[in-house]
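S.K.: Just so you know, the protein sequences line up as chains U, E and G, in that order. The first sequence lines up with residues 150 to 509 when you count with this note's numbering. The second sequence lines up with residues 34 to 342 when you count with this note's numbering. The third sequence lines up with residues 1222 to 1581 when you count with this note's numbering.
Just so you know, nobody snuck in bad clues.
Label-pair distances were calculated between CB atoms; the ranges are:
{"#": "1", "chain 1": "E", "residue 1": "L315", "chain 2": "G", "residue 2": "G1435", "range": "32 to 38 Å"}
{"#": "2", "chain 1": "G", "residue 1": "P1548", "chain 2": "E", "residue 2": "P301", "range": "31 to 37 Å"}
{"#": "3", "chain 1": "G", "residue 1": "S1417", "chain 2": "E", "residue 2": "R272", "range": "31 to 37 Å"}
{"#": "4", "chain 1": "G", "residue 1": "S1417", "chain 2": "E", "residue 2": "L38", "range": "21 to 27 Å"}
{"#": "5", "chain 1": "U", "residue 1": "S390", "chain 2": "E", "residue 2": "S209", "range": "29 to 35 Å"}
{"#": "6", "chain 1": "G", "residue 1": "G1540", "chain 2": "E", "residue 2": "L38", "range": "43 to 49 Å"}
If you're looking for bench data, these hints aren't it; they were derived computationally from the structure. No experiment lies behind these values; they were computed from the predicted model shown. Just so it is clear, CB atoms sit at the ideal spot from N, CA and C, and this is done for glycine as well.
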Amino acid sequence: MQFQLEKRPAPSRTMRIVTPFAAVALTMVLGAIVFTLLGYDGLAAVREIFFTPLTNSYKWQDLAVKATPLVIIAVGLSVSYRANVWNIGAEGQYIVGAIAGTGVGLLTHTMTGPWIFPLMLLAGIAGGAAYAAIPAFLRTQFKVNEILTTLMLTYVSVQLLNYLVFGPWKSPTSMGQPQTVLFSADQSQPYIIPGTIVQVGTPIAIVVALLVWFVMSRSVFGFQVRAVGASPAAARYGGFSANRTVWLALLVSGGLAGLAGILEATGPFGRLVPQFPTNYGFTAIIVAFLGRLHPLGVLIAGTALAITFVGGEVAQTTIQLPFAAVGIFQAMMLFLLLAGDIFVRYRFKRSVPEATRAAA
Amino acid sequence: MTLDLIIPIIITLVGASTPILLAGLGELVAEKSGVLNLGVEGMMLIGAVITVAVVLLTGNHWLAIICAAGASAAAALIFGFLTLSLSANQVATGLALTIFGTGFSALFGQPYTGKAVPLFRSPFPPELAADPVWRVVFGYSPLVYFSLIMVVAVWWFLQRTRAGLILRAVGENDLSAHSIGYSVIGVRYLAVAFGGAMAGIAGSCFPLILTPQWVERLTTGRGWIALALVVFAAWRPFRLLAGAYLFGLVMTLEVYAKAAGGGFRVLPSELWAALPYLATILVLVLISMRRGGSSSAPACLGKPFLPTG
Amino acid sequence: MTVLNRRTLIKIGGAAAALPLVGGRAFAQEKLKVGFVLIGTPDDNGWNFGHDTGRKYMLDQIGADKVETTVVTNVAEGPDSERVFRELAQQGHKLIYATSFGYGDYVHKVAKQFPDVKFEWATGNSTAPNVSIYNAKFHEGRAVLGTIAGMMTKTNTLAYIGSFPIPEVRMGINAFAIAARKVNPEVKVKVVYVDSWFDPAKEADAARALIDQGVDVITQHTDGPAALQVAEERGIVGGFGQGADMSAFAPKAHLTAIIDNWGPHYVKSVQSVLDGTWAEGSVWDGIASGEVEIGKYNEKIPADVVAAAEKVKNDIAAGTLHPFAGPINDNAGTERVAAGDVIDDGEFWAVDWYAEGVEA
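Full structure from sequences and hints, please.
M.R.: See the structure below:
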């Protein structure tokens, strides 16, 4: 009796949903083994990283705060990747969005009013979108691959941030430390659940996910994106311009990344500092894939990755597990998910050798 | 600018350029076969940490470099298995490899952090290697000479050997290559492993030439520069050499400019730091413009090989 | 039945108390739990090593029966640190040391949520009812180093590798330059900022570049021995250890070191919590109280240089010599401090100029 891999007539929907969960479960098992071999308490590591954030109610608010930027960026990326536009520079758009929003914030710092905060958010979206427009332009006009341009621009954005925070935007009261002034009350994210640290960014993230899901599944734009992503030639027949899709994909993912950026700046950070880039833009790529490029999947995947981050911090203090371990778990999840992908397109088929069949 | 200053600048420049040259060569071969491996930074970090560990444990530099190459190649093969045998998305898998490499190296390197690593010095006799003038030619670590030899070797392999031709064919038109009877997957596996090994050796440059100790993220993002370099060089080995040294020059100048003060300070240091990346974008545009819109990338780059039937 | 249940309950309770499963439990603590949040690892042989050494000294002095410590390493400055502080507070730590400036915003945030937990913020600049700041007068050490450097240099060109252009670093440069020029009026001090507290690659590059420009004595305000290693490699006159004795990395080049001795302070502060006398305050000690120590002198330093260095050290300790006693000119030639005047502790933070001889 042998097993063979046989291509499925159509990608299995069940497998698409099952594989991310299986990947996480397998990561826990593999992770426990690997870490025990490395000399750490493998079971404790898995427990602290994956379970404690769920069982400890103190941590739920941390999960919400941590998942927010991941979900927002990843939802944008899922749109982009569906269209086969590989925006790897979400981190850069995130940074520029924060910069743009902060710029507005610095201009309005002495003013008051409920219009300031939304204006900053809009500036953030615009900043991220504008920064993504550069690779969009380069791809549509010069056919330059967006993987590299978005990546290079990420590094440029980090330098821009440094320049501003060390230079013209440095707070006069910070004793020379590179940081902007603290955002005023009108400029900070409002807290929405009193007594917790959950801010308005979290419901925004949920709304964004739902909105994008609606648009992607019900609107012409959504259909266009998916069509162009699946087959540019066929899409052209349908009258969908590939170039326009590239633009839209990058503007949407860039704008959302920028939104996440200004939300983080006005929320957990409270000001702009050189340490602002925390690689959310790259982690969001994992979230997008783990969530199968579907906004609802992204919501779940974003929470899953937030769990690993928060859990990793817990493990740091309780079992002295180095934070670097979190990266290994996250990478393992992605590896296993990508490996499990094969079961979406192929299935195991038992093939019975000729002789036995004849005998039966 | 006196000779006194130029020679040390050249020496520092060569030190900065060598790792990205090595990693770039490896990635060039992988990409020529059609595989885009974004995991270079992760593989370099694995190479660096393994180098430190082996050197501290055995004192043997050559052994350390070989182990680094092996470890990174193994990591690359994980990537290879996922993308070649399981047809997983290359971008996502490459990123996962980088994240994995970063985490693994940080964890593995914990017991070795901060310990001094003996430098891998020039193989030439001190009369030449330490001579104020001749050290420009003879004063480098064997890794540097290795990198230069590899440039020629890779060029010769790709352009002058049958195996190289097959590799290029696999990267340009995998279906045709497959129908002629070449194992597309097999060739790509080898190319990916080579890329991994070179990235590992590139990683070993950091503790053995530049900063003789292990710290987390020792390679500070140079892996991404190597990726840019391959495109900058239009996938040609000698252009890669020029590009690597150009980038190295920009990186070196940034620090010298700060140290020299005076006129150099006109430009903010952040602009200097951003220069290599901006330059790459510019070159990408110029290349595309010159060729009338078509890119010189291997046609199958990044696409999974899915033979029909 | 009841007996079994109670016994089982006690067993489970005991087990639960032994495993740090869920945070936020309250059970009787005999030992004082003290948390140390480090920005790097104790293996950096510098800043973090100094704090960890101080911690061990404190444990030794006070006794492991009265106090236990938790060390969390590699905590990035930013919102993630807020989670770590909160986690430590939730786990019952009553005294938490935040050992870097960048933790400040988050220390204050968490301190507000946990008014019964005491926080001490190293190199901080604002206090609260349960937040104290503590610092060391490293610049006093720099004055000693400057004396040695000024006397030993052959090229009259010294270098100072700085992290960020913040007052602490600026004043370190000034103290170094002023002391060096006192013994050698020809001396120049070149300054390079690497924009990081710890970036061995950049520090090494900076050191190489400076040495190529003729520098023969280097000092650095960063956390690792990278610059020293380059100094050893190039065989220049020498360099200095920062935060700890770094002679293991550069036996020939390592002239001496500024050693951060946090032990005495940690003992004082932990004891004050145990005694209930802890109060909001600001501690800024130097050579006199032992917080700043000068390491062993390299054998190659001539006796008269050692004598001069020791004199400077002792005079500072006795209060008869102030590192910033006038007359002091800035590097444009303007007099900033008149003869007979000093830059006192308050004015220290407002200095935005460099002393004569500094090329920054």
